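Asks: Protein chains in written order, with this note's numbering: chain A, 1 to 429; chain B, 1 to 878.
Keep in mind that the hints were calculated from the coordinates and are not lab data.
These figures come from a predicted structure and were not determined experimentally.
It cannot be assumed that every hint is accurate.
Claimed, not checked - With a Cα cut of at most 25 Å, we get these calculated SDA-like pairs of lysine to any residue:
#1 B:LYS234 <-> A:TYR341
#2 B:LYS58 <-> A:GLN200
#3 B:LYS58 <-> A:MET1
#4 B:LYS329 <-> B:SER247
#5 B:LYS207 <-> A:LEU30
#6 B:LYS167 <-> A:MET1
#7 B:LYS329 <-> B:ARG310
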Amino acid sequence: MILLLTLLSLVFILHGLCNLYWLLYAWQDLEHLEKITSPTKYLNPQISFTALVPARHEAYVISETIRSINAIEYPDHLKEVLIICKSDDKETVKAAQKTIDELHSSRIRVVTFSGGPTNKPHGLNIGLLTASHDVIVIFDAEDQPHTHLYKIANTLMTEQHLDVLQSGVQLMNYRSHWFSTLNVLEYFFWFKSTLQFFAQRKTIPLGGNTVFFRRDVLLKANGWDETCLTEDADIGIRLSIAGAKIGVTYDEKYVTREETPSSINHFIKQRTRWNQGFLQILLKGEWLQLPTMSQRILSAYILLTPYMQSVFFLFIPFSLYLAVTAALPVWLVLILIVPFYLLVLQLIICNIGLYLFCRAYKKPYYIWLPLKVCVTFFPYQLLLGMSSTRALWRNVFGNTNWEKTLHLNAHREPQHATVDLTSFVEANV
Amino acid sequence: MKHWKYWLVKHWFVIVLLSACVVFSGVLHAWNMTHFPYYENDEAIYFTQAWTVLTQGKLSPYTYWYDHAPFGWIVASGWIAVTGGLFTFGFSLNSARWLMFVVHLCSTFLLFWVAKKVTKSYFAVVLTLFFFSVSPIAIYFQRRFLLDNMMTFWILLGLFLILYARKRLWYFFASAVCVGLAAVSKENGIFFFPIFWVLAVLYGHPKQRIFIFLQWCAIAGMTISFYPLYALLKQELFPTGTLLGGSKEHVSLLQTLQQQTSRGSGLPFWKWNSDFQFNYRFWLLKDSLFVIAASISFVIQGVLGIFHKRSRVIFFLTLPMAAFLMSGKLVINFYIIPIIPFASLCIGYALSLIITPVYRVNKILGVLLFVVILGGLSYHYLQSTFLHSVFFDNDTVYQVQAINWVKANLDPKAHIAMDYYGNLDLTNSRFKGDPAFQNADWYWKVDFDPDTRYKKLANNFHNLQYVLVTPQLYKDVASYEYINPLTQQALENSVQIKYFGPLFKQENDMTAFVLSHPNGDWVSIYKQLSTEETLQYAWQSYRTHQVLLNGEVRAPSGSKTSSSDIGRTLLIAVLQNDQQTFAKVWNWTQQNMTLPENKLFAAQLGDSNTSSDADQLIAFALDQASKKWSSETYRNAARAIAQSIWNHEVVEINNRHYLVAGTWTAQANRPVYSLNLSHFVPLFYRSFAKIDNSHPWMQLRRDMYVTLDECSASTFETKNAAYLPPNWCDVTNKGQIVLAKEIDPHATDFSYEAYRVLWNISLEAVISQSPEATAYLKKVNTLSQDWQSKHMIFSQYDHQGKPLSSDGSLDQYVATFGYFITRGEQDTARAIYEKYVSPSFKHNQDSYYWSDGQNTFEQNWIWLNIWMFQGKLETISP
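I would like the entire structure built from these sequences, with the hints used as guidance.
Replies: Rendered as structure tokens:
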């Protein structure tokens, strides 16, 4: 019993320290901060971009997204936008086509497909085959990319000879729900700090959008795995195995803004998909082909992290309970306390992150926000835990269908919506 | 490889300088480090605790009472494990000294980089390292395994991490851990907390500061929190008797902290008798140059700090400990340790401020000036006698010899109270066959640790057979304020059996000896005396101090020599087989105390009256002397005195004989005769009956028993009698026992006279198994009842047995030995001996005495009663 508790404690101490290290990696060294910051001087446009926007039941947000992508400042002949829809999603196709018509742009097209499976990687693969430019960039249907994004990608990919560039994505609606603050912070730390660490270790589960790929690299990798629920993470691992040079940039000015899931239900579904996707990647075992042992260990650890984190949070109240009630040796109790301390440090870091987020995005920072973070911290971890459990459950029972996240434009002021929000929600929730 | 070569070439100067500084500092530290200074008690405390962590998984071999945070000795336990045990380097504390050597090398390395970063001057770096390494006061304390040295290392490491973080966040966080570890190595480390926090925030990049500001504080706080958390888990955080502390007796971290913070004189540092000033003078004595230079340069850095960042940083780094030392709280001499590196930095930088401008004008002149300053400082230290001691004295040799002697000569089961320096070596086997003394305990724990004092030693100092005395033990034991220390009691009942140390002129007074030889390089081994040895030493002391060269028994100040004291002195001389002293005293007595008219003895020198008890004592002592040394002269003298006693101090009324108090109350035709029942010693009459068959001594014995019974049973003028012998009573010429009003208003009380009856009667009871004696003492119940109910025997009772005083007296307590033994209450006799009598035994070098040793009667009276208590009575035969 003592040995088991000691081992568990040591494992979670290690896990807690890893978490802290990832969270703070960007600030750990000023070089990291400088490295991740977007260039202020841009190279002349050399690379041509094809933006892939897979959309399903996104009639409410697609118009705004197309306009945003179209507004990216870059020579017209070097950019192309493909809105990828399934032919049965008539509302989205119609909304997209209407917007394209209004914009009078020949470089924006709606690409439809009719076969299965009905999921994002399938759409992306359709887009990949249709795309004609050097670099493929993925946007989600609710994304609002910055107008300098292509210039930044052009500069970084050219200067650093990158095969892949992950640009920052940031959830913005930090006050929409009780869980949205921590959800926003997750993105903040993930894209600003953690991904940079993974990139530096050449083992990176990529994000689902605002990620730039050289088309030839993607084609060589046979595109996205259509059976995987987290095709983004999967392609990241596979490209890491292939030795692709992957870079990360995060600059508050240029991040792609997104919204948090619209409800707890959607949040859990989204997380379930991600966690299940990670599990699929783990079970596929391709990560074992990573060239070095440290990469393999890291990738396995990354893929297990959602589960580790859930157990970590369950372990803490358990360990505190044991520390107070069980007649354990004092040294063991002191060790049992350490994961709790690491959790407190995480909480402090979250609060700092929230302050930095508000400052960087010029959002109001209310005095009660730290309290909200503290109060919602544990329930939020419970949501993550539930999602992990659900993902495990689904995977065990072979349920791998795609649970789509509803997007309501909560991160921006809609100006060009082509459908009514109420009817849209009624139809999709 | 190429990178290394490039790096070496680029940084060759720093590498050479750093290596030189570390080697220089290491050599000075290591040279003679296991011989000087002496092994100090505190070193052993922490190293023993390190050993306990390693072997028992506990923080202390005794009850851990949170006197200090434990991280320092937890690290040391790792050192012991890594280096292969306690005795890898010889004496156990040598291992601790080697650990300090490693810590010192690391500290030197860190200080080099700290000085380089803060001052940006190699002159300052070298001068800083010079003072840090050469100052004898620095070496003196840095060699010792003290928690302050461990704390200083963590502080320097924390500072190094901040200064060389180069905006790397984890360096700042690591520095927070270091400051936390410093505080849990020695609590004083907490004083660096605010300065380091500010420094860390300032040295961080603006984009990192918010993380540093909050996380640094949290990490340092969490690191420190393990200490109170440990106490909380052990339910030892809050004091007993508080809401959270409960009612069960236990040690408490908060209580100890409160006690620790309230220690010290509380006087402001500028007061001459403050703790700070006292230690400042000690530091000046050891290294005046360093102390004065540090004081001046600290002020200089403070003033310059208003304008210059570097001076400001140096000043604020020095400030926490300087403020602590000057806070008016307790200051111990080694509290200077954490300030030494920063004080060295103050001096080094101040001197560099003189050299650097010259160097800028002319490099050669600048270097020359530096060399001159360094040479001057070196010359000064070469003249230092203390530095000479640091490198050439051997203060530990006698300490080691003492432990080796104990191992070779004493019983491994013996209980020993000792200075802690040798405890590890005593309690462990150093090699195969080496005895382990499991009952050797640190004197502090002997007195203050409940487990040791009450369980192991049963709160009885007699269970301590030996005391290993060092100056510190002696001073500490003498300075206890709250309790009756077992160690001191044991020491006062002990004699020195071995001394290891330099050949000082031994002084009679131990206190004076310790004061004149405070350096802990000597050890005295004291053995506690058995009862028999106590009597031997007390007699040797008595005959030296109470018996003058001419044979006169010294009288207490303000009084004259009494024949009673002479009688008891003669009797003791016989019992101790001290013929020489006996003869000397008897000769003087014959010449100066004999009354020509009756051949008896003056009650006091120059008096014309006698005291019948003295006359009997002298006669009995002479009779015993005649038997022991086969002297007819003494026998004849005894007979003559006995006959004279009968003739002049015994009266016959109505065919009953009475021994009166003296010749002054024996004249014929008196209406009343004064009887002092304490003059009746029935055993003597058995003796006198053998040497003087012309008088019916055994009849007198029987008559006096009857008289004693009547006096004890008579109510006199009270309602009832408790059957206690009165101090005085009278017998009328009609043979009636009456109240002796004219003698003493307290005549019927049982007090200053009457208690001697107990010894007198019990003497016959235990030697001759007299049924009358036993019967009488068994009827005297008051004293036994009081002991059973109150554990007290009062010094004065009225005739009804009611105590008239609130406390007892030593003379009276000893008188009850025979009484309790006769009654079969030996345990009570022993309890009284151990509780009241033995603790009153003291000694100063060659003086052994009870109480204050001034009262001659008290000394010989106690002696005779302890002689009865120890039970070897065969030296007397009636």
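Asks: Would you mind marking each hint as holding or not holding in the structure?
Replies: Verification of the supplied hints:
| no. | hint | result |
| --- | --- | --- |
| 1 | B:LYS234 <-> A:TYR341 | holds (19 Å) |
| 2 | B:LYS58 <-> A:GLN200 | violated (45 Å) |
| 3 | B:LYS58 <-> A:MET1 | holds (21 Å) |
| 4 | B:LYS329 <-> B:SER247 | violated (31 Å) |
| 5 | B:LYS207 <-> A:LEU30 | holds (8 Å) |
| 6 | B:LYS167 <-> A:MET1 | violated (43 Å) |
| 7 | B:LYS329 <-> B:ARG310 | violated (30 Å) |
Of the numbered hints listed earlier, those contradicted by the structure are 2, 4, 6, 7.
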